[in-house]
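Participant: All chains, please: the whole structure from these sequences, using the hints.
Counted the way numbering that gives the first Met the number 0 counts, the sequence shown spans residues 0 to 202.
Keep in mind that the hints are not guaranteed to be accurate.
[Claimed, not checked] Here are the simulated EDC-like cross-link-like pairs (lysine to aspartate or glutamate), alpha carbons at most 20 Å apart as the crow flies: (1) Lys127 - Asp51; (2) Lys167 - Asp154; (3) Lys198 - Asp51.
[Unchecked claim] Estimated spans, in silico, between C-beta atoms of each pair: (4) Glu25 - Ala146: 42 to 48 Å; (5) Ser181 - Leu31: 16 to 22 Å; (6) Leu196 - Ala72: 35 to 41 Å; (7) Ile142 - Thr10: 31 to 37 Å; (8) Ser57 - Met15: 47 to 53 Å; (9) Glu101 - Pro43: 54 to 60 Å; (10) Leu31 - Ala146: 35 to 41 Å; (11) Arg49 - Val18: 47 to 53 Å; (12) Ile30 - Lys198: 36 to 42 Å; (13) Glu25 - Leu196: 41 to 47 Å; (14) Gln14 - Arg49: 46 to 52 Å; (15) Leu53 - Ala146: 25 to 31 Å; (16) Ile142 - Ala54: 16 to 22 Å; (17) Pro82 - Val18: 42 to 48 Å.
Honestly, the hints are just simulated from the structure, not real lab data. The beta-carbon is built from N, C-alpha and C at its ideal position, and this holds for glycine as well.
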Amino acid sequence: MANAHRRNNCTNRLQMGEVITEDKEEIKSEILNFYQQLYIENEPWRPSTRFDNLARISEAERNWLEREFEEHAILSIIKKCAPDKAPRHDGFTMAFFQHAWEIIKKEVIDAMNHFHHSCYMLKTVIGKLVSGSQNAFVKGRQITDAALIANEALDWRLKSREPGLLFKLDIEKAFDKGDPISPFLFILAMEWLSKMLQKASQL
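Facilitator: Right under this line is the structure:
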């Protein structure tokens, strides 16, 4: 099963311009270069500003974020997963991790602690770092509230007949990384943009 998934997910040939290549090193280099260029900015200038009283986490919370994962916490999450689900395309379901835990736990724990800065840690404190107007991916908030607030704001603006500016941002590539920490990094970036807009409105 695992080998079959690898064959299906393998890129055997790639078109580069007008040429189709089957050379593995050329394919690897071209794919790597494509994604490196995808996230490179060529802007020579970026706006900068300073903000006072930004939200911060405590020293204790920072240390908690950087702590290593504990075995009982990892095993608890694994046991809660549906046994017939596979986290990756390698064919290994959660039942494998649940039943073979005593054999594979060292490798799993080592891998988890290698990436101890995972989004699970950040998720627990993200609500303290972003303003109440951000509703996506924050515990206790609903992303659907953003649409309701936007509709109410638009309705209020139209009824007030006061001059103003409303704009909608379509953030390209916001969640294209395929990484579970991506949404939280996006939220932090949007918090900075929100602060910039608030400061601009006071000028």
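Participant: Can you list which hints this structure breaks, lowest number first?
Facilitator: When the structure is compared with the hints, none of them turns out to be violated.
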